[in-house]
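Starting from the structure of chain L, add chains P and E where the hints point.
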Amino acid sequence: MASASVIHGWTVPPGVRWRAWEGEVVAFHPGSGDTHLLAPIAGALLEAVASGITSKEALLRHVAHHLDLPSDDALAAIVEEALATLVRRGLLSEDPL
Amino acid sequence: MAAGDHLTPLLLQPERAPRLTLADWDIVVRQGRRAALLATLATRLDDRHLLKTVPERPRRHLQAAMAIAHRHAAAVAWEAGEIGRALAFGDVPFVLLKGAAYVAAHLPPAAGRLFSDIDILVEKGRLADAEQALLVHGWVTTHHDPYDQRYYRQWMHELPPLRHVRRQTVLDLHHALLPETARLHPDPAKVWAAAVAVEGGAGLRVLCPADMVLHSATHLFFDGELDHGLRDLVDLDALLRHFGNDPAFWPRLLDRADELGLGRPLHYALRYTTQRLATPVAAAVVRSAARAAPTPLAAPLMDALFSRALAPDHPTCATPLTPLARFLLYLRAHYLRMPLHLLLPHLLRKAWMRRHPERPPARPLNGELREE
Amino acid sequence: MKVADLPAGAVARRLRHGGLDLRLGPFIARIESPIPAVTEGITQLWAEAAVVERGFADFHVRLAPPAGLRRWFRPQVLFEFDGAAPFLPLPREQAFAFLEWGLNWCVANHAHQYLVIHAAAVERHGGVAILPAPPGSGKSTLCAGLIARGWRLLSDELTLVSLATGKVAPLPRPVSLKNESIEVIRRFAPDAVLSAPCHDTTKGNVAHMRPPATSTARDGEEAAAAWILFPRFRAGAPLELGERSRARTFMAVVENGFNYHVLGGDGFDAVATLVDRCGCFDLTYGDLTEAVATMDRLAQEQQ
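Protein chains in written order, with my numbering: chain L, 11 to 107; chain P, 389 to 760; chain E, -19 to 283.
Chain L on its own, in the form it takes in the complex (with noise of 0.2 Å):
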């Protein structure tokens, strides 16, 4: 959990790829050799964070806006879980900004 006094971004490491047709999202790590099939929401942070967009807020705005949902609590709760598991999958790193 991030520190108040720390903000974190999101970047996508160097050699990770990726592919979306019709708002599904396919990926690649190459250090684990590991291709994902990505639900939705995070297919979404992962074509977001790879646009350029870093921050939590703007992320989690962008999700609302991108697949019609309600920016409310319970979707932030869905991001960070998802930016989680693509952090822990290699697909995208964490770093203090």
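Do not rely on the hints blindly, as some may be mistaken.
Stretches of chain E that chain P covers, calculated by requiring three or more beta carbons in the stretch to come under 8 Å of a beta carbon on chain P [unchecked claim]: (1) 31 to 44; (2) 165 to 175.
Examples of chain E residues lying across from chain P (beta carbon under 10 Å, computed) [what the hints assert, rightly or not]: (3) F7; (4) G63; (5) A64; (6) V234; (7) H241; (8) T269; (9) V272; (10) L278; (11) E281.
Straight-line distance between alpha carbons at most 25 Å, and here's what the computed DMTMM-like set of lysine to aspartate or glutamate pairs gives [as the list claims (entries may be wrong)]: (12) E:K158 / E:E220; (13) E:K147 / P:E403; (14) P:K578 / P:D615; (15) P:K440 / E:D246; (16) P:K440 / E:E202; (17) L:K66 / L:D105; (18) E:K(-18) / E:E201; (19) E:K158 / E:D249; (20) P:K578 / P:E647; (21) P:K440 / E:E33; (22) E:K(-18) / P:D517; (23) P:K440 / P:E403; (24) P:K512 / P:E403; (25) E:K147 / E:D249; (26) E:K158 / E:E20.
The hints are simulated quantities; they were obtained by calculation from the structure and are not laboratory data. C-beta atoms are modelled at their ideal positions from N, C-alpha and C, and glycine is treated no differently.
Relative to chain L, chains P and E alone:
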């Protein structure tokens, strides 16, 4: 050179490649593949821009071998990082050994290498912590048979291999370079103290250069089963050429061999690399190492055994003595690891297990083509 | 010169002494074997395969009895590649089938200039339909039915997608049929050449269908992939052709990829390109004639 060995001359002089016929390549590719050196050969040709001189069919095999090796290296580099993260969690320092060390430290033997597992060294007193930290991160023991567990833990210098549940990579955890039951027993504390950090390697550590060479030599001549004798010798040659650029390396190597009691393996290493791979080693160094040679009576026998076992393991290189040579060296390696009264029951059991494997045989008939 | 052009006894002689060099699609295999079933299989089912001069062979394989008791007692056959045996032995009657699958193993583990997919590939009007499928899905039956009705066979088991060109390279070899499929194809294509069924205790009966001469004659012609189709046979089921999402098709191709993990990022890109340019479908069928007609229509539409 062993009769019919087309591979070693080409490894030593890749510039000969343009002169090879298709029939020559037919033999080289097969010998290279069996010796696990095809990717190494391909890399040497590629580095010298000679791949384009290779006819298309054999060239595709060389390129395929390189593709496999690249994938292995990437996977090993990733695994080493994951292992580091797991052990950092348990606050357990460790040192990478063999292939994983070559990759992490960007050493020449890493190029074109294939990996079956990753070897690391931890302090004996921290073994339990290491096992625990690894278990939490997904590495579980592979040998559930209590006999095998005992063989590894009590008599050998390693835990039974650990396999990662998801990635299926195998990790060998050692607490010494050689088993406690072996005749040669370099002091693990000394080896540990001399380990060095990899530059830019995020906390990864490897053996110091002299120890790396001595470990490789000891593994080849005293510990291993000579399945890939030529490959291991090629690794040694690459290490010696690389570290040998520093003139201070050679006296350190000789001193360290004395200090760790590994004079005999060093003698064999220098003898066979200079003889078979033309490794540039000063004559004075070879002479000095030869003080640890076996008795004059044993030398011709060892020469004969090793010379046959260090050829590529392929029918085109086989002489009538080869299976016997390999078997004798296999027995010798086991004898050196375990005293005779322990060795015989162990070998009998190994033979039994081979005839009655626990796993069912590969069944291609149902369309499943996975090699086991 | 084809296998069928060799004088009587030459196949057996070469297999026993020195090896028979055959070109199979992009590969040259040198085959050695003293076992009569192998001679018969090659003579009957690989009649159209090209015999080549000795030079460089991609794969050196040997099918022979193992040393020891199993030479005579419940005889077995061992598959050797480059002098080593990657598999445990099988009963000797399965020697030719073992050769087929052993060669598939060789290709899948070494031909990394291709993305190798466990799928059938057939071509019509210049477009290739790739049919990935686990065993029991009816892929081979459908494949056999299609080639009996004018589709060109590129492969029954291993689809080779060239990393360089993105096209599918042919490797036309006999189509393996199991149990009821054997009868279905006999009725559907009375002129097809089928081997005598081989009895396996786990899988029932297995027979092989010889590819049409035209397929083998054109085994040097790559073609562009046009469809990725997942067949599923259900006795008596009405025909259903549904679209499958590209992302899910992608994952299914990866799952059926033999050497995907070796190719790394290049493999990912190759599958992505394939999925980009293909129509992706699921096909459930209960009647072979209906299924073939549906595929014919699909091929017509893309012209």
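> Hint by hint, which ones does the structure fall short of?
Replying inline: Hints 2, 6, 8, 9, 10, 11, 13, 14, 19, 22 and 24 contradicted; others consistent.
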